[in-house]
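There are 2 protein chains.
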Amino acid sequence: MPKHRDVARANLENLYRIFTVPEAPDSTLGEIDEAISRDVAGFLQTHIVALERSLEDIEADFFNTAIPEEPTFVSEYTEFVKENLVAQSVHTAAPGFIGHMTSALPYFMLPLSRIMTALNQNLVKVETSKAFTPMERQVLAMLHRLVYRGGDTFYARWIHDSRHALGAFCSGGTIANVTALWVARNRLFAPAGDFRGIAQEGLVRSLKHLGCDGLAVLVSRRGHYSLGKAADLLGLGRDNLVLIDTDDDNRIDLKLLRAEFLRLQEENIRPLALVGIAGTTETGNVDPLAAMADLAAEFGCHFHVDAAWGGPTLFSDRHRSLLSGIERADSVTIDAHKQLYVPMGAGMVVFKDPTALSAIEHHAAYILRHGSKDLGSHTLEGSRPGKAMLVHAGLSIIGRKGYELLIDLGIARAKTFAAMIRQHPDFELTSVPELNILTYRYCPQAVQQKLVLATSLQRTHLNALLDQVNLLLQKEEREAGKTFVSRTRLRLAPYGQELTVLRVVLANPLTTDEILASVLEEQCRIVQHPEIRELMLQVDALCAEIEDGPTAPACAGAR
Amino acid sequence: MPKHRDVARANLENLYRIFTVPEAPDSTLGEIDEAISRDVAGFLQTHIVALERSLEDIEADFFNTAIPEEPTFVSEYTEFVKENLVAQSVHTAAPGFIGHMTSALPYFMLPLSRIMTALNQNLVKVETSKAFTPMERQVLAMLHRLVYRGGDTFYARWIHDSRHALGAFCSGGTIANVTALWVARNRLFAPAGDFRGIAQEGLVRSLKHLGCDGLAVLVSRRGHYSLGKAADLLGLGRDNLVLIDTDDDNRIDLKLLRAEFLRLQEENIRPLALVGIAGTTETGNVDPLAAMADLAAEFGCHFHVDAAWGGPTLFSDRHRSLLSGIERADSVTIDAHKQLYVPMGAGMVVFKDPTALSAIEHHAAYILRHGSKDLGSHTLEGSRPGKAMLVHAGLSIIGRKGYELLIDLGIARAKTFAAMIRQHPDFELTSVPELNILTYRYCPQAVQQKLVLATSLQRTHLNALLDQVNLLLQKEEREAGKTFVSRTRLRLAPYGQELTVLRVVLANPLTTDEILASVLEEQCRIVQHPEIRELMLQVDALCAEIEDGPTAPACAGAR
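Respectively, the protein sequence lines represent chains X and A.
For what it's worth, this note's numbering labels the leading residue of the first sequence as 186, then goes sequentially.
For what it's worth, this note's numbering labels the leading residue of the second sequence as 186, then goes sequentially.
Just to be clear, a hint being listed does not mean it is correct.
List of simulated lysine-lysine pairs, DSS-like, C-alpha gap at most 25 Å [unchecked claim]:
hint : chain 1 : residue 1 : chain 2 : residue 2
1    : A       : Lys393    : X       : Lys393
2    : X       : Lys600    : X       : Lys667
3    : A       : Lys188    : X       : Lys586
4    : X       : Lys667    : A       : Lys558
What the hints contain is simulated information worked out from the structure, not anything from laboratory work.
Here chain X stands alone, though its shape is the one from the complex (with noise of 0.2 Å):
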C-alpha cells in the first residue's frame, strides 16, 4: 500500500514535471528548437527527405489506434517526430513548391508565433485576451482600410465600439466566405413587423415571409469551392449556386450574369449573393467587379468579392486597380495566410457595412454578454488564438511598400514565366496571367498546330490523351520531389472542352527565374518515361492523321 502510494506520488511528480520544466538545450527537442531558430531554411533543407515514400508506406508509421497506456519520453517522441513527420512532410517553403498557395514564411513568423503560442489567448472574450482583442479589431480596421477606404473619423468611431466589428477573424477563408453569405442571408431576412428574422425563425419561414420560391447564389465557374459548401450548409441547396460561364479570360460573363439574374427574377428565386472574384483560385484571374457591383445593385441582392488570394494586390500602385470596384462590395474575404505571408490558419471577412454583422450578433450569460467588447459575439467560431497578432506584425514589419514589392514581384515573375512557356516548344500556355498564377500543359507546338485543325472528335481524343501525360507528368515531378506544381481541370475557350492542366502559383520571393526555367527542364525529361513516351507516341499517330497525309513525327520524336 505505501508502495501503491509512492508510484502515485512518483506519477504525480512527473506529471508537474511536464508543466513546470522546460526541455533543456541539449535534449533533442532543444536541439531541433535551436536549429529551427538558427536556420528553418536550413533546417528543413536537411531534414525533409526529398524522395517521396508511397503513402501508403507513410500511413504504416501511423497505424496504431490505442492511445499509449503509458508516458513516453519527450525525446523519444522527438525522434519519432523527426524521422516519421517532419522527414516525410512537404517542403511548402521551397522555392521550386510552386503548385500551391503556401510559401516560405518571413523569418520572424516564427519567434512571434512562439509569444504567441505561450500567450495562449483565447479570442472569444476579452476576459482570456485583454489587448489582444483591440489588437484584432484594429488589425480588421486596417483591412477594411485598405478595402474601403474610410477615413479617420470613421474609423475612430466604428474600431471599439462594443456593439459591433468591422469584420471577422476566422481559421480560413472558407469560414469568411461562409460567415459573408451568412450575414447577407440574414440581412435579407432581417426582423420586420411580426417577423422575427431567419435567425429565429428559419429559412421556411423566411421564404414565406418575403414571398419567394427560392435563394440563390451566383458566381462564375472559377469560384472557390468553399460557396458549394457555404449553400448546402445555409439550406440553400447547390441547386441554387448559380455557376456563369467565364470568358476566354476566365473571368465572368456579364451578359450570362444578367440573364441568370433575369431568369431567377422570371422563376421568383431571390437572389442572395452575387460573388466576384478577386484571384481565381485555380488562375488568378480578377472578376469585373465595378461592373458586378452595378448588376448587384440592379438587382438588390449581396455583394460579396472573395479576394482570399488577391486581396493584397491592393498594396500595389501598379496594379491595385485591377480591383477596381471591390471598395464598392459589401463584404470582402481576404486570406491572410496566403499573401500576408502568415502561418497556416488565418482568414478575414471585412463588411462595408460596420453594423453588418449584427445580422450573427449572439450572446451567451457566461461570456459575450451585451455590452462587452469579446469579438466572439460576432464570429462564427467560438474559442479562437491569438493570429491577428502575426497579421499585425506582417503589416507593421513589412509595411505597405514592402508588400507591394511582394505583389509586384509575383506578377512579374509570372509574366516571365508565361514568356518562357510560350517560348518553349514543347509547352502551351493555357491562362495568361493577371495576378501571380497562371496554367500550362505539356502540350507540343506541332501538336497545338493540328489541335486547331483537327475535327471536334479528334481533337476530343487527342486532348484526353494529353490530359493523361500531363497528370503522369505531375505525379511523378511530385513523386521526383525536387520541384513541384499543381493540376486541376479547366473548361479552356478555345477548345470547349475541360483539360487538365498545371497550375503554377507565383508568391514565394525566393522562386528565381532559374527555378522557373529548371521546372520546365525536369518536366522535359519527365516526359521521357516509358509510360509517358508510350502516350506521346498515340498523339504522334493522331496528329498524322489530321489533315491530309502523314506529316512528319511532331513530338516524341522531335525531342
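Keeping the supplied structure of chain X fixed, place chain A upon it in accordance with the hints.
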C-alpha cells in the same frame, strides 16, 4: 534614374533578408524567444503586468488604422509587442486563473508548435501535408477509439480509407458541433429516388420530400451557445432549438425531454438531433447519456454528444462511467485545446458510423479529387494547420495514464474546493461539481437561511442585490489581476430564478489548495470595498425584515 534603381535593389535585398536571415540570438526578438524556451512560466510571470489598465486605455495603443507605409525594424516592433501586447495580455496559464477553460500548457507543446509552424503544412490536401494527413487520421482514430472502443480490425479497415474519415479536425468545438449537426441534417435528407438530397436541393424541398413542417434540435438549457449558431446557420432557426429544463443537478430532465419529443411529433416537426452534454460549459455536469440514447433511438433522431469539455474524462478508470452511454452517440465533439492541453485552436468531432461524413463530402478539380486521401473533402473548413500533431504529441507523451491523473486531480480538487465553500461562512455553493467545474456565490450563511424563510418577493429582492454584489466582486477581482474566476447567470432549482454566480474551472494541475483558499480570502477582502459594503447593508436591512421582527445583523456586520 540609376539612383531609383539602387533604391529598388536595396528594397529587394531587405525583402529577401526578411525571408532568409533569422533573428540574431542577441536581437530583442531572439532574446525573448530564448527566454520563452528557457522558462515560459517565468517569462509570463515577469512580462504580463498583473494590474489592469482599462480596456479603453489599452485601445489607445491599437487605434491607428492606416497600414504603415514603410517597413519597421523587427527590434522596434518587438519592443511594441513586449510593452503593449504581452504586458497587457491575460496570464491564462497562471494557477490562480481558474475562471475559464484555458490552462497552463505542457512545456513540450511550445517547441513542437514551432516545428509545426516552421513546416507550415496545409491539411486540406496530401500535396501540402504528406505524412501529416495519415498522422491526423491516426489522431482522429485514437479519439474515435477512446469513445467507441472499436477493435483493431475496425480501425485497420477505416483509418486510412481514401473515401472516408472517422471524424473532422476543426479549429474548435463550435465548428465541430456545426459539422455534427450538418452531417445529421444531410443524412436525414439523404438522396432517395428522384430526391437528390438536401446538399443539392436545399432545405425547403427537403422538408417537402419528407412531408414534415419543420426540423428541431433538442438540448438542455445548459447547451453551449454554439448550438444556437448552428440552428441559425443551417436554416432551422433558433426557434427550433428546443431548450429543455434541467433537474437540480443541471442535467436534462428526461420527462420534459420526452414530452417535447411528443409535442414535436404532434406538430409534425421532425427531430433532427438530440444533443447530450458531457460537461456543461457553466457547471460541468453530464447529461444522462444512456437514457438519452434510448430516447433518440425511440424517436429516430441523430444523437450528438457535446463532450468538448468532458470527453477526456474517458481517460479515467475512476470517472469514465459518468459518461456511460457516450459510445451510443452518432457523433461526439471533443476539444483538444481544453482538457488535452493543446494550444488554442484545436477541436474534433468523431462519428460512430465511419461513412457518416460522406453526407458532406465535396470535391474540387484542383484538390480533393475523388480517390485522393485529402482530408479536406470531409471538413467544413478548407486550409488548416497541422495542429493534430500537438494532439498526437500529447497522447503519446502524456499517455492515457497521464491524462487520467490530470482528470482525477481536477475532479478531486473541485470536490475539495466545494467543501471549502460549503464550510465557509460567507459563500454558497450553487452547483455541486461532478467533473472539475463548479459555481458558487458570495452569500453569507445567515442570508442563506433568511432566503429559505423569505417570501417570494423578498427572495427576489435579496437575490437581485446579491447579483450586484457578485457581479462587482468578479469585476474587481479580475481588475486586481491576482486571481480570476468568471461569472455567469444560472436558473437554479432551489430559487426558481436566474442568479449571478461565480464560475470556477479546475484544470490547471498547478492550482493548489492554498491558491483556492487564497481566492476565497481575496474575495472576502474585495467585498469590504465601499460599493459592495453599501449593497450588503441593504441586504442586511432586507434580512432584518424577514420573519417577525428584527434579527441580529447577520451579514455585513458579522465580518
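Consistency of the hints with the structure:
A threshold of 25 Å between alpha carbons decides the hint, and for Lys393 of chain A with Lys393 of chain X the separation of about 14 Å falls inside it, so the pair holds. Annotation: proposed proximity of Lys600 of chain X to Lys667 of chain X holds, straight-line Cα distance about 23 Å (limit 25 Å). Proposed proximity of Lys188 of chain A and Lys586 of chain X is supported: the alpha carbons are some 18 Å apart, at most 25 Å. Restraint check: the Cα-Cα separation between Lys667 of chain X and Lys558 of chain A comes to about 22 Å, which is no more than 25 Å; the hinted pair holds.
In this structure, every one of the numbered hints holds.
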